[in-house]
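Enquirer: Sequence:
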Amino acid sequence: MTDEKMSDTFHRLTLANGKQILLVGTAHVSKESVDEVEQVIETEQPDHICLELDAGRMKNKEDQSAWSNMDVKKVIKENKGFLLVANMALASFQKRMGDQSGSAPGQEILSAARLAKEKGIPFSLCDREIQVTLSRAWRKSNLWNKAKLIATIISAVFSNEKISEEELETLKKSDVMQNMMDEMAKELPSVKEVLIDERDRYLATSIYQSPGEKKLAVIGAGHQSGIIKTIQALEEEKIGTDLSDISTTPKPGKSGKIVSWGFPLLIVGIFVYGFFHLGHTEGIKMFWYWLAVNMSFTALGAIIALAHPLNTLVSIVSAPITSLHPSIGVGMVSGLMEATLRKPKVQDFEKLSDDAATFKGWYKNRVLHTLLVFLLTSLGTAIGNVVVFPILLSMLG
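If you're matching positions, the sequence shown starts at 61 in the working numbering and goes up one per residue.
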């Protein structure tokens with residue numbers, strides 16, 4: 061395989077069989093990227109186009125009303141609330157940057173798809189389903205990295221970060237992107253593995269196996285280097301084309317089950333020990349102390365989220381119960397309750413994308429507000445348990 065670098069963002073790969081793969085690295089919210097993709101299609105006339113997108117995201121981008129089919133209650137019942145919050149936070153962050161740059165997020169992908177249809181060029185969606193990617197990132201993260209992920213999500217939701225068009229364009233430079241990937245690897249290695257390394261392999265393999273003598277792949281600039289290395293490895297048969305090991309959500313590991321069951325059992329064990337070894341009075345004191353801290357932090361989360369008053373009360377009462385249940389979290393209760401008391405309207409779904417890009421929108425839009433209540437009550441209960449645990453241990457003497 062030969063790699064002819066046409067520019068910082070455009071590579072021409074010639075395979076051993078003479079077929080060509082054209083890689084265009086883009087910034088997903090850049091007007092210049094849209095123009096570059098259109099120019100390459102016009103100039104090179106590829107016979108197949110590969111897009112860094114999955115079917116679900118493509119549907120959402122082409123049909124903004126697709127969100128109206130979402131059942132928020134079902135999402136929360138299926139314990140996918142965190143995944144949806146992460147998805148919306150990512151979308152809101154990209155939209156804010158797109159609004160500042162004058163180019164909608166992923167517009168270069170849609171432009172490539174539009175041109176492909178106009179010119180009768182077949183195209184394929186080569187990315188892994190976003191839900192699989194987010195699920196794998198969550199499952200493969202330890203407790204500390206999950207806390208970092210949640211913090212990143214919250215900062216993305218409430219951030220008012222401004223970025224100039226010039227700064228957006230610098231993100232397309234491979235050295236800058238590589239530095240960002242290196243930093244991510246240090247801070248969140250498991251997340252970087254899923255979001256970058258696995259998707260590099262998935263995208264490269266999908267592109268490599270797609271039909272065509274001269275195919276164009278429109279990808280994010282951050283994936284360009286990894287995709288080139290993977291295609292080279294595929295050419296040299298150092299790796300295979302089987303993607304089954306990274307195409308599904310991994311089942312919860314033993315450590316996850318131990319933590320989910322271990323914490324409730326540990327809390328109960330502390331109370332039992334307190335009752336029998338420190339006396340009835342001390343045991344009661346420990347129990348009430350735990351209740352007070354657990355319920356207080358849950359209440360704080362509900363108040364910050366501006367949950368419905370009745371929901372706030374229900375969340376506070378249910379927090380101790382859900383804390384001792386390995387499969388039902390307080391967020392599931394509060395989310396379902398909020399969606400019931402403040403049922404989302406059609407206009408909430410219609411304005412979902414726009415509202416997700418603003419701080420006020422997360423409180424005004426009933427769909428987003430339900431997710432916010434879910435997130436902050438879950439976070440409040442978790443923090444309360446972390447805070448109270450060492451205090452209970454100290455009370456044991």
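Treat the hints as calculated values from the structure; they're not laboratory data. These numbers were taken from a predicted model, which means no experiment stands behind them. Backbone N, C-alpha and C define an ideal beta-carbon position, used for all residues, glycine too. One should not assume that every hint holds.
In silico SDA-like cross-links for lysine to any residue, where the CA-CA straight-line distance does not exceed 25 Å [claimed, not checked]: (1) Lys-119 / Gln-80; (2) Lys-252 / Leu-303; (3) Lys-133 / Tyr-333; (4) Lys-177 / Val-100; (5) Lys-177 / Arg-188; (6) Lys-137 / Glu-295; (7) Lys-79 / Lys-208; (8) Lys-345 / Met-355; (9) Lys-206 / Glu-297; (10) Lys-405 / Lys-177; (11) Lys-200 / Gly-286; (12) Lys-134 / Pro-386; (13) Lys-208 / Lys-179.
Label-pair distances were calculated between CB atoms; the ranges are [unchecked claim]: (14) Asp-131 / Glu-189: 34 to 40 Å; (15) Glu-138 / Phe-323: 19 to 25 Å; (16) Gly-300 / Phe-331: 28 to 34 Å; (17) Ile-299 / His-385: 40 to 46 Å; (18) Leu-338 / Leu-384: 40 to 46 Å; (19) Glu-98 / Ser-387: 46 to 52 Å; (20) Tyr-423 / Lys-79: 35 to 41 Å; (21) Leu-384 / Asp-302: 40 to 46 Å; (22) Ser-387 / Asp-302: 50 to 56 Å; (23) Ile-363 / Glu-98: 57 to 63 Å; (24) Lys-119 / Thr-308: 16 to 22 Å; (25) Phe-331 / Lys-137: 29 to 35 Å; (26) Phe-323 / Lys-140: 19 to 25 Å; (27) Leu-384 / Glu-178: 56 to 62 Å.
Enquirer: Against this structure, judge whether each hint is valid.
Expert: Each hint tested on the structure:
1. Lys-119 / Gln-80: Distance of about 29 Å is beyond 25 Å: violated.
2. Lys-252 / Leu-303: holds (18 Å)
3. Lys-133 / Tyr-333: The hint is violated at about 39 Å.
4. Lys-177 / Val-100: holds (16 Å)
5. Lys-177 / Arg-188: With a Cα-Cα distance of about 22 Å, the restraint between Lys-177 and Arg-188 holds, given a limit of 25 Å.
6. Lys-137 / Glu-295: It is violated: about 45 Å lies between the C-alpha atoms, which goes past 25 Å.
7. Lys-79 / Lys-208: violated (43 Å)
8. Lys-345 / Met-355: With a Cα-Cα distance of about 15 Å, the restraint between Lys-345 and Met-355 holds, given a limit of 25 Å.
9. Lys-206 / Glu-297: violated (36 Å)
10. Lys-405 / Lys-177: Given that 25 Å is the threshold and the Cα spacing comes to 35 Å, the pair is violated.
11. Lys-200 / Gly-286: OK: Lys-200 and Gly-286 at ~21 Å, within 25 Å.
12. Lys-134 / Pro-386: holds (19 Å)
13. Lys-208 / Lys-179: Since the Cα atoms of Lys-208 and Lys-179 sit roughly 45 Å apart, the hinted pair is violated (cutoff 25 Å).
14. Asp-131 / Glu-189: 34 to 40 Å: Since Asp-131 and Glu-189 have Cβ atoms about 18 Å apart, the given range 34 to 40 Å is violated.
15. Glu-138 / Phe-323: 19 to 25 Å: holds (22 Å)
16. Gly-300 / Phe-331: 28 to 34 Å: Check failed, 53 Å falls outside 28 to 34 Å.
17. Ile-299 / His-385: 40 to 46 Å: Distance hint for Ile-299, His-385 holds at roughly 43 Å.
18. Leu-338 / Leu-384: 40 to 46 Å: violated (20 Å)
19. Glu-98 / Ser-387: 46 to 52 Å: The hinted range 46 to 52 Å holds for Glu-98 and Ser-387, with Cβ atoms some 50 Å apart.
20. Tyr-423 / Lys-79: 35 to 41 Å: violated (53 Å)
21. Leu-384 / Asp-302: 40 to 46 Å: About 42 Å separates the Cβ atoms of Leu-384 and Asp-302, which means 40 to 46 Å holds.
22. Ser-387 / Asp-302: 50 to 56 Å: At 33 Å between Cβs, range violated.
23. Ile-363 / Glu-98: 57 to 63 Å: For Ile-363 and Glu-98 the Cβ distance comes to about 50 Å; the hint is violated.
24. Lys-119 / Thr-308: 16 to 22 Å: holds (21 Å)
25. Phe-331 / Lys-137: 29 to 35 Å: holds (30 Å)
26. Phe-323 / Lys-140: 19 to 25 Å: Holds - the Cβ-Cβ distance for Phe-323 and Lys-140, about 22 Å, lies within 19 to 25 Å.
27. Leu-384 / Glu-178: 56 to 62 Å: Holds - the Cβ-Cβ distance for Leu-384 and Glu-178, about 59 Å, lies within 56 to 62 Å.
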